[in-house]
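Chains as they are written, first to last, in this note's numbering: chain A, 1 to 892; chain B, 1001 to 1892.
In case anyone wonders, no lab produced these hints; they're calculated from the structure.
Among the hints, erroneous ones may be present.
Unchecked claim - Computed cross-link-like contacts, DSBU-like style, restricted to lysine-lysine with a CA-CA straight-line distance of at most 35 Å:
| # | chain 1 | residue 1 | chain 2 | residue 2 |
| --- | --- | --- | --- | --- |
| 1 | B | Lys-1811 | A | Lys-613 |
| 2 | B | Lys-1373 | B | Lys-1347 |
| 3 | B | Lys-1373 | A | Lys-829 |
| 4 | B | Lys-1373 | B | Lys-1613 |
| 5 | A | Lys-811 | B | Lys-1613 |
| 6 | A | Lys-842 | B | Lys-1227 |
Just so you know, these numbers come straight off a predicted model, no measurement behind them.
2 protein chains.
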Amino acid sequence: MEKLVFQFSQNEADGHAKMKDLLGGKGAGLAEMCRIGVPVPPGFTISTQAYHVYQAEQGVGEVIQVPVRQSITWLSENLGKSFEGHGSPLLLSVRSGARVSMPGMMDTILNLGLNRTNVDRLAQETGNRRFALDSYRRFIQMYGDVVLGIDIDEFERLLERTRHGQGVVNDADLSESSLDRLVDQYLDLVIESTGNPFPEDPYEQLWGAIRAVFESWQNPRAQFYRKIHGYPDEWGTAVTVQSMVFGNLGDDSGTGVCFSRNPSDGVNQPYGEYLINAQGEDVVAGIRTPHPIAGDDAKSMERCMPETYSELCATMTRLETHFQDMQDIEFTIERGKLFILQTRNGKRTSHAALKIAVDMALEGLISKEVALKRVDPQSIAQLLASEFDPESKNRVVESGNYLGKGLNAGPGAATGMVVFNPEQAVLHAEQGRKVILVREETSPEDIAGMHAATGILTQRGGMTSHAAVVARGMGKPCVVGCSELRVEASTGTMHINNRLIRLGESISIDGSTGEIFLGEIQTQPSPLVSKMLQGRIAEGEVGFPFQLLMDWADEVRTIGIRTNADTPVDAKLARALGAEGIGLCRTEHMFFGEDRIQLVREMILVDGPARRKRVLDQLQPLQMNDFYEMFKEMNGLPVTIRLLDPPLHEFLPHTPAQIKTVAEGMGVDENALILRVHELSEANPMLGHRGCRLAVSFPEIYTMQVQAIIDAVVKARGEGFTVRAEIMIPLITTSAELAYLVEGYRPMLQRAGLEDIPIGTMIETPRAALTTDEICQVAQFFSFGTNDLTQCGFGLSRDDSGSFLPLYLEKNLYEADPFKTIDRKGIGKLVKMGIQAARALKPDFKVGVCGEHGGDPESVGFFVDAGVDYVSCSPYRVPVARLAAAQSQLVE
Amino acid sequence: MEKLVFQFSQNEADGHAKMKDLLGGKGAGLAEMCRIGVPVPPGFTISTQAYHVYQAEQGVGEVIQVPVRQSITWLSENLGKSFEGHGSPLLLSVRSGARVSMPGMMDTILNLGLNRTNVDRLAQETGNRRFALDSYRRFIQMYGDVVLGIDIDEFERLLERTRHGQGVVNDADLSESSLDRLVDQYLDLVIESTGNPFPEDPYEQLWGAIRAVFESWQNPRAQFYRKIHGYPDEWGTAVTVQSMVFGNLGDDSGTGVCFSRNPSDGVNQPYGEYLINAQGEDVVAGIRTPHPIAGDDAKSMERCMPETYSELCATMTRLETHFQDMQDIEFTIERGKLFILQTRNGKRTSHAALKIAVDMALEGLISKEVALKRVDPQSIAQLLASEFDPESKNRVVESGNYLGKGLNAGPGAATGMVVFNPEQAVLHAEQGRKVILVREETSPEDIAGMHAATGILTQRGGMTSHAAVVARGMGKPCVVGCSELRVEASTGTMHINNRLIRLGESISIDGSTGEIFLGEIQTQPSPLVSKMLQGRIAEGEVGFPFQLLMDWADEVRTIGIRTNADTPVDAKLARALGAEGIGLCRTEHMFFGEDRIQLVREMILVDGPARRKRVLDQLQPLQMNDFYEMFKEMNGLPVTIRLLDPPLHEFLPHTPAQIKTVAEGMGVDENALILRVHELSEANPMLGHRGCRLAVSFPEIYTMQVQAIIDAVVKARGEGFTVRAEIMIPLITTSAELAYLVEGYRPMLQRAGLEDIPIGTMIETPRAALTTDEICQVAQFFSFGTNDLTQCGFGLSRDDSGSFLPLYLEKNLYEADPFKTIDRKGIGKLVKMGIQAARALKPDFKVGVCGEHGGDPESVGFFVDAGVDYVSCSPYRVPVARLAAAQSQLVE
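With these hints in hand, go ahead and build the complete structure from the sequences.
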């Protein structure tokens, strides 16, 4: 039998940091800390292997019990404490621990070992009967809730009644005799609720606690968390059993959470919060607002416990140096002595992650490659996220609609309608509304609602509260601990600074500043983006670490990164963000301009090629100028222009006013026009008369566009610009179709002396992907349109999938949203087959990818593997793709 | 250099029947006839190889001219005739000849060699100057039109003026002096039109004629004909040059066309038409209505020329025995002597093809296998085509709307609106209307219109006229030579028996009887179908040959043939037509019944699973009974039931009356209902919330259907029926999706003791086809839904493709309509990959195909190759598929 239990104590341990899979993050961290001499209460970890034994045996059997009993004996001897008999009682904490941290998902039991006898031993040992009783009642409550399944509100009601009876507000003010009575009431409640007395035997308590930790792996909240983070069910959890230390033995005790660097902005200074005379869950649950560890605050640890603070700082440095990453540490001070309960790589904001990674590389603590791997590409998008437009914000402030301020727990600006529970959040978000989830405090049950919300605001809790940690993980703007806020979820209202706000009203929150506003505020690019638009960033300026990381990424990656841009403004932005060209310039977007939509409508509605040509002649100089501006902006870089793609009826007038205008412009009857618009409508426009099919039916349109491109190239080159235009034909299904069109445009290019301009095609229908061996004989390059390829491949319209796709993801019927991350097994196979078939004939054939997947990190990794030459994505996703591409090439 | 010219003369020839690729059908046939001693005017064939030389050299150069001159010399010596000098002039016919006959597509020149000198020699030789002049003017006219490109109307105008001047109606009545003047006018016309005199040199004439034949291969009509028949452009045409014989030397001369068996009904008797004192084109063009060769008609050849008739019959028998197929023969009688000008396998109606093939096999002339290959599976559908409902027809007749009768040139009944030109036919057909194309006579320019029409009616022409031959080839009902009809295309009217009918009015024609009616007449199944529904057909009864051929087909084929049927009536029909089970029973069609659509609408519109369940409880017994009836009808055969597939909104009420009824039934507000209907509408329903996606969102629906199947199986089995039900889940994209659903239904089947009922899936999305290795682990069978697979694979909605697909086919951008014939390169590749991946894991995995392609002969051949176990098609296509499957297995 493999070893199932791993012991650890000061300076020695069976496990070590690399054993996260077996011991969980916590267990491995504790073992490693012991090895390097960090003060840790001794204990042992029951491995994930034991979880699988538990699963197989459906219970905590002898295979697990035997080594645990041995370890308890060892622990008793080590500490001189015991479950029974004389002297100090052996009290334990029991915690879950998966290989990655899942905050709030798993259940924890503290003070295990207490019973009617041991509570007296504890009182005797500590000389503090009040403390012993408080610990006992906490233990019964926690165990009753987590292990015995008793509604926690039942305990809270008794506690509340006791507080009320004694006339106090805080639990800490409860008298010994009140607690004595409360314990009796708790024990009675257990009998009433379960039919059995509360277990007296510490071993029985322990088996129950271990079982509860194992079971909690499969609870719905944990499953949901794994699903949204993509963690497999098979991992399982370890259980760490550790001797208790007490932060609630008096004012020389305390407990806290700290980070070795600031998790919000990444600055290299200790950061954290602690509470005096409290147990750890008081900090995490956010029920009492804690004090900072560092700084001049009168209640800071640095001021109140300067020696312990120094020891903590030294320990943090030792841990960070050892683990080569910023650490998130739980500690307890028991009568002035520091204990580290847990350390793990700290969660951090995107800003912090980037700064810490770059700083550590510059400090020589980690390599550039490790720094690149430390930053989640998804989080990059967050750095570039919009913030409030100052003017719009000013107007709101000047209108007296500044509401108040909380803690800036998750950076970014958000605006949306107020909802007060997760169900409302999901409901309205599904209907396309932006919502701000406002809660007294959040709990794991809220996760689906937090996921659906644009931003999160809570009344209580600190920077490490559930709401704050989860929101940062999700990259959502979040403001917590707003003490001026009073949420009344039941009535659908909130009060803040004497203002009443009802369900459905709009508010705006700034997760970077903690500010809260009534009404909607417009957003704008982040300062980082503004900075990059101005050119290279100097050292010390905002964005310098970002720029450095991007430079490092570019040194590593080999795949090209282009952008999807239809306007010079977007092109300029994308270029500033590192785009190496335009991979998709959609010409139809240019058609919606006010000066041309009327012409476009006439073009579609006129009868016959001759009249259509006359309208197109008017459109041509406008399109020419569009292209000319793009070429200038992208001087020296490739610009791939896709000819007209969407169904024509998308451009058509629909409102009576539009129809009237067009009818007048064309000199036709309004009713005739309505009829024609109706004729052009399609049952399934996505599969209809669009893309190159338009060019087969109405050759004049593409001919005009090609001529406009030619004229623009000639003009821009004439002015000294280096133009690298590429013409791309959409929705090809057969090589014959492409050849027919290319035969028309190639001579036009030749006549203009522009033989260097290649004509390529989108590969966006499955049939095209299946016949690239033929199409590559005609096309000069491919660009996989993975949006349409996914739609056709799945038979799934993105526009219509909202009514069932969420359910599919929830039930794991799809591994991921196929429009977000490329489906490797199906659509990815088409892409790979398509590339291989073309390259088998033409080894250097150029292949790009445009579409949303080009900016999705996981998909970028796939495209690198598939041998794609470049991906093209929206401007803000360009840095994401740059980093993702580098990371995918750093994978061993 | 390869031999380019192949000579033939009585009893000897360079070529033979197997050389169709090189000599064309005509050239090979003439060579073969010479070899077996049939009386044929001597000549030679310029091969299709020469066509390619012509194409390469862009002209008739020395490589072709040299062997042609040698052959002319040989011919002169053989016949004692010459291009110049004394004695008889050498006159030639020049004809096109591709490897298959393309009637009317290619141009023909007769009387080549005539000039001012030779016309006198001909007059002298025949002693008939009138005939010589008539031949000369015909030659100039034909050559002027075909080779020199002069509008034929210019000649016709001169001819008409001459007839008018002389006061005669028929060309045969023109006097010698009139013809003399006419020839001069013709020659002047040539100079005026072309700037050059008519070529006097017979060689110059010959080079021009050869060039014209070669060029005609590429004319638009020929291209169109090849496209609709799927013949490749690369074949090219041969040119056959043959010495002239004359059917217009007087009343002991004549010309005709005959078939060795009746091409209309297949009866084994000579059948044909001839004209006394006429050249061949008079028969083919349908300008004079000819007389029958056989029978008691006073002008029949059998009565007028009994000896020649006997010789013709003997020759026909010799040819049919030699070629082992029914022959279509052109002959000329020159002063009592019979010449066979051409023989080829005769075109025939579907009825005739089938009867001739079966008869010949029974006669021992051909094998059963050859008989099977002789019948075009597409034509089988025609045999089963509907005919007029007698009551509906009676009503029309009793209303006095019988209009008249023509020749029954193409069997089948058709009803539709009258159009008078091919443009109108195409226009209205594209708008979904059934049209009857009514013409004075048809010409090759009419082909597109004939293709678009439901039926064809002509005023002039016989059973072998252009209209008749082409219509039969296309399988269109056709009535020709209706002498009571007067068509005035220019005014958009026709008169028939003093009734005026305008463009757009409806008429009905019966191509089997030749009858014409005013108004629409309902159609019904053919007697063959009625007969088969009564059980096995006895020998000698209608349909016996059909039954025999089908039996032979079943002996050969290995692939199964099932049917798509949703009702017991369809199931019974399909079973009578040979279906071996139901491959696709669409449960949604059952939902449209009057007694349930209201319930279905409520099911969709109610809120929440509980209320939906209540409505479904009402639907369940109805569905149960549907299935029960199907099972009884298909006793012993498999019945594959597809669970609900289409988007729910297809069932919804749309008219105000429907909405009112449903709102009342549900007790909800009409406006709320309208809103809900609107909410359910989708941008691309084909890619939307349908198929198994409905079952994920609304599990109650499929659960109800599965329970209804279970109950129906139990009931039918309880009554002693052998039920082989199969449950099929549509629109699967991932194995997880299927597993999720199957997990729900498998226990239901187990509880009912129905473990034998397999649950399979449609493979109709490209992603499903790409991941069959996973899906086959969950499904118990596959059925490829090639309709949706084609739609998704091409990104092409069948509903919307009408606006551009015809253009795609015209421009050869698609090889065929992908909804009609499976696209082998793309969609076929998906099917093959899908089968291979599943069978690699499970070698015996059952795979079917349902969808239109299952009834398309070419596609069936593909599915046999791909290893499909069975195809499923609509009932009337079942015999088509049976034959096609047998044929595909007979290919060497």
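Satisfaction of hint between B:Lys-1227 and A:Lys-842, Cα-Cα up to 35 Å:
With Cα atoms ~32 Å apart, A:Lys-842 and B:Lys-1227 stay inside 35 Å; holds.
Could you grab the alpha-carbon distance between B:Lys-1373 and A:Lys-829 and see if it respects the 35 Å cut-off?
Violated: B:Lys-1373 and A:Lys-829 sit about 41 Å apart, past 35 Å.
Pair hint B:Lys-1373 and B:Lys-1347, alpha-carbon separation not exceeding 35 Å:
Status holds; Cα separation ~15 Å.
Has the given pair, B:Lys-1811 with A:Lys-613, been kept, meaning a C-alpha gap of at most 35 Å?
holds, 22 Å
Holds or violated: B:Lys-1373 to B:Lys-1613, with C-alpha atoms at most 35 Å apart
Not OK: B:Lys-1373 and B:Lys-1613 at ~55 Å, beyond 35 Å, violated.
Hint check: A:Lys-811 vs B:Lys-1613, CA-CA at most 35 Å. Holds or violated?
Given pair A:Lys-811, B:Lys-1613 holds - Cα atoms ~22 Å apart, limit 35 Å.
In this structure, the hints that do not hold are numbers 3, 4, in rising order.
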